[in-house]
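Protein chains: 2
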Amino acid sequence: MIDAATLLQQDGMAQARAIAGGRIGGAELVAAQLAVIGRLDPEINAFVQVVGSPSPAPGSNAASPLAGACFAVKDNIDVLGWPTHAGLRARQAGAATRTASAAARLEAAGMVFIGKLNMHAVALGATNHNADFGDCHNPRRAGYTPGGSSGGSGAAVAAGLCAIALGTDTMGSVRIPAAYCGVVGFKPGFDQIPVDGVVPLSRLLDHVGILARSVADVTAAYLAMTTDAVDTASGGGDQDKPQTMAFAVPAQRETLAMSDEVRQAYEAAIERIRHQGHSLHEIDLSPYDFTRVRRAGLLLCEAELLDTLAEPLAQRPQALPEDLRAMLNFAAGKSAVDVARALATAVSAGQWLQHRLRGFDGLLLPTAGQTAFPMSEPAPHDQADFTAMANMAGAPAISLPLPVGHEDLPIGLQLIGRRGFDAALLRAAARIEAVLGAV
Amino acid sequence: MIDAATLLQQDGMAQARAIAGGRIGGAELVAAQLAVIGRLDPEINAFVQVVGSPSPAPGSNAASPLAGACFAVKDNIDVLGWPTHAGLRARQAGAATRTASAAARLEAAGMVFIGKLNMHAVALGATNHNADFGDCHNPRRAGYTPGGSSGGSGAAVAAGLCAIALGTDTMGSVRIPAAYCGVVGFKPGFDQIPVDGVVPLSRLLDHVGILARSVADVTAAYLAMTTDAVDTASGGGDQDKPQTMAFAVPAQRETLAMSDEVRQAYEAAIERIRHQGHSLHEIDLSPYDFTRVRRAGLLLCEAELLDTLAEPLAQRPQALPEDLRAMLNFAAGKSAVDVARALATAVSAGQWLQHRLRGFDGLLLPTAGQTAFPMSEPAPHDQADFTAMANMAGAPAISLPLPVGHEDLPIGLQLIGRRGFDAALLRAAARIEAVLGAV
Numbered sequence: 001m002i003d004a005a006t007l008l009q010q011d012g013m014a015q016a017r018a019i020a021g022g023r024i025g026g027a028e029l030v031a032a033q034l035a036v037i038g039r040l041d042p043e044i045n046a047f048v049q050v051v052g053s054p055s056p057a058p059g060s061n062a063a064s065p066l067a068g069a070c071f072a073v074k075d076n077i078d079v080l081g082w083p084t085h086a087g088l089r090a091r092q093a094g095a096a097t098r099t100a101s102a103a104a105r106l107e108a109a110g111m112v113f114i115g116k117l118n119m120h121a122v123a124l125g126a127t128n129h130n131a132d133f134g135d136c137h138n139p140r141r142a143g144y145t146p147g148g149s150s151g152g153s154g155a156a157v158a159a160g161l162c163a164i165a166l167g168t169d170t171m172g173s174v175r176i177p178a179a180y181c182g183v184v185g186f187k188p189g190f191d192q193i194p195v196d197g198v199v200p201l202s203r204l205l206d207h208v209g210i211l212a213r214s215v216a217d218v219t220a221a222y223l224a225m226t227t228d229a230v231d232t233a234s235g236g237g238d239q240d241k242p243q244t245m246a247f248a249v250p251a252q253r254e255t256l257a258m259s260d261e262v263r264q265a266y267e268a269a270i271e272r273i274r275h276q277g278h279s280l281h282e283i284d285l286s287p288y289d290f291t292r293v294r295r296a297g298l299l300l301c302e303a304e305l306l307d308t309l310a311e312p313l314a315q316r317p318q319a320l321p322e323d324l325r326a327m328l329n330f331a332a333g334k335s336a337v338d339v340a341r342a343l344a345t346a347v348s349a350g351q352w353l354q355h356r357l358r359g360f361d362g363l364l365l366p367t368a369g370q371t372a373f374p375m376s377e378p379a380p381h382d383q384a385d386f387t388a389m390a391n392m393a394g395a396p397a398i399s400l401p402l403p404v405g406h407e408d409l410p411i412g413l414q415l416i417g418r419r420g421f422d423a424a425l426l427r428a429a430a431r432i433e434a435v436l437g438a439v
Numbered sequence: 001m002i003d004a005a006t007l008l009q010q011d012g013m014a015q016a017r018a019i020a021g022g023r024i025g026g027a028e029l030v031a032a033q034l035a036v037i038g039r040l041d042p043e044i045n046a047f048v049q050v051v052g053s054p055s056p057a058p059g060s061n062a063a064s065p066l067a068g069a070c071f072a073v074k075d076n077i078d079v080l081g082w083p084t085h086a087g088l089r090a091r092q093a094g095a096a097t098r099t100a101s102a103a104a105r106l107e108a109a110g111m112v113f114i115g116k117l118n119m120h121a122v123a124l125g126a127t128n129h130n131a132d133f134g135d136c137h138n139p140r141r142a143g144y145t146p147g148g149s150s151g152g153s154g155a156a157v158a159a160g161l162c163a164i165a166l167g168t169d170t171m172g173s174v175r176i177p178a179a180y181c182g183v184v185g186f187k188p189g190f191d192q193i194p195v196d197g198v199v200p201l202s203r204l205l206d207h208v209g210i211l212a213r214s215v216a217d218v219t220a221a222y223l224a225m226t227t228d229a230v231d232t233a234s235g236g237g238d239q240d241k242p243q244t245m246a247f248a249v250p251a252q253r254e255t256l257a258m259s260d261e262v263r264q265a266y267e268a269a270i271e272r273i274r275h276q277g278h279s280l281h282e283i284d285l286s287p288y289d290f291t292r293v294r295r296a297g298l299l300l301c302e303a304e305l306l307d308t309l310a311e312p313l314a315q316r317p318q319a320l321p322e323d324l325r326a327m328l329n330f331a332a333g334k335s336a337v338d339v340a341r342a343l344a345t346a347v348s349a350g351q352w353l354q355h356r357l358r359g360f361d362g363l364l365l366p367t368a369g370q371t372a373f374p375m376s377e378p379a380p381h382d383q384a385d386f387t388a389m390a391n392m393a394g395a396p397a398i399s400l401p402l403p404v405g406h407e408d409l410p411i412g413l414q415l416i417g418r419r420g421f422d423a424a425l426l427r428a429a430a431r432i433e434a435v436l437g438a439v
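Residue numbers (our numbering), protein chains in the order written: chain E, 1 to 439; chain G, 1 to 439.
Hints are computed from structural coordinates only; laboratory data are not their basis.
Be aware that a few hints might be false.
Pairs count within a copy or across copies, as identical chains cannot be separated in the list.
With a cut-off of at most 20 angstroms between alpha-carbon atoms, the simulated SDA-like pairs for lysine to any residue come out as follows [unchecked claim]:
1. K334 / D323
2. K334 / Q92
3. K334 / A344
Please model the complete structure; the sequences and the hints are all you need to start from.
Okay, structure coming up:
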């Protein structure tokens, strides 16, 4: 037999292999997982609710590569019988009447649903301060933010509280907590994981994503949940590509806003990738206006929230967090043409990126320009600047943890691909992960 | 040698073969094309401007399958040195400083640019009434609309005034004139033909499309202009599919609004396709609210026009057509949340369609519920109801002319595919074209 505590620090596929090989019982693993949650989560507060007596879904596929490992979902994703708070009690959510396709497909792959995860209110914000459910904390350093809005998802995976966490990503909300917590975070191409049963923020920009401890786990979970990926469906036209890959990196990297520690880790990573024989090509990002695109994305979220939160905003405005009310008030002062212009900006930015990345295996960027910061500090305005571009394009993007010192805060390396090429991006990410060293 | 007048009624690939085979000189074909325009266009008014002395672009690829044939572009597409009026003199367009990529790529494929085509003002409307450039008429019946907004494109191809016409399609503006004029009209997947150098209407919904006299021509032009198609790039994962195809058709077809003649031709066409051994599967379209989606699409166009037409609207409102002013005034009375809600509706409708068509070679629908109508009659409100769904999904869609009597007005059969599968849709369309009989 194997030590359960050690196993729960490994990735989900290792756990599934241990179960399949008879080195641990499925029920034993789940019980151990619940025990770890019981021990660690009071400090971290990644979960808003944990299952009582979990059991594999009927008809589960025990042969699938994640069978028996545990997953949890961000609390804006429906699970039958559970309320979907989306981080905000003022929404007064009742019990969901069905399970979102994304979660149902993980159960069908034999994974064990284990609970629902803390998040920034209505998925708009990246600190995971949460007055209704309590702040979520970064398991890598006490008192620090896990990022967000899928903060509970990042924290749970980093602390070994589940193997796979589902999150949502509208401007970076899967990748930012992955970077801050030191795990892998993947936002597939638009609608490749179906968004049914997910509380909308901006339907144009919303994506369901996956947080896990390895690219292999992310890939297995993705393949369990998607039915649509063109390059997967066609067998992947580029599997016969030469061994070296071609990555885009920004020219004038010194003009991009990032902290010294992020810059150093990022430059070291691309040097390491180059040293492996892959080619790096500088592309000019100056036509891409980070500030303008961020503001456009935010306005699209805020204006749509004015619609979806109309009822609590009218009936219980004081029950909404102050920062959320401020954003809704800002949008209420905007006009139809302001929103149309924001939409045009977002769509054009996505087109620009899609064309610019043609011929490359991806664009290498930091995931965020900063590491996690103390919960007591304000969030930087440009937190999602490097991530939002992939949402505008509906393109796949992944955050990989960079090697940092044991005491250092995690840093994420982001690889952004082209829409329609999810599987190719995951293959490239697996090779970069190997270059950077296992997590 | 070959009779030029006969050749100019054939498709562009036949013309290119005649040139390549020495049966007609390239200059002779162009001269004959200009002569036909000079003879027929005064009645039709498809062109807003014709070249003086056309010549193949330098560096053109004489080996490409359309080399030597003539193309023209809708007047919302930039050509170096020509004004881009977009159907509205109040925009006060100066000479374009570059040629749109779409047109430049056709020139690079050896096609000969021959002029710019009439359109409904700012591409919003489907009659091609045009006070600034004169109405465009349907070459199939005097006094009837060619449809729109790419009315000049449909009329020019139908009358043999060019082999290939570029159009734009935001809710159906390539496919509707193709259907009304009896030619093939293809709207590729989103951004597969680049939109640079195209006057925007709704950047979310805008597509560049192709009108031609055969699916082979459309395919050759598409391949000359796209660089991105996933299923083309990967060699087409479904080329090994079985000989029979599986098409979706709406259940409850009797509830869809269409004229008796359209219904009869449509039902006969799907019966003919079934008779060839292909399978038809009824899908429930009732969750798709045609009226709501149409209104959402219109509001997205109108609100964005409030921005892009701000200058002429403020300075020269009387120079705008009355119907356009009414639409802009309508949008000016809408709020930020109205536009956000319209965006949510459009995006959700597209997702619904994309998921619903999974597993099918396409959805067979009429292109429009009615045939061309007299220019003196008002346009039906639901003209674009069957076409707009493909714009919401960013999905490829094609209109094929159905067999009708020599004196009858043309009717279009529409095949809508899934985003990411342009090449597969074109292959399916070629097989349907063969079933229906050559145009």
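Each hint, compared with the structure:
1. K334 / D323: within (17 angstroms within a copy, 26 angstroms between copies)
2. K334 / Q92: So K334 and Q92 fail the 20 angstroms test inside a copy (27 angstroms) and across (29 angstroms) alike.
3. K334 / A344: Both. Shortest intra-copy (15 angstroms) and inter-copy (17 angstroms) distances satisfy the 20 angstroms Cα cut-off.
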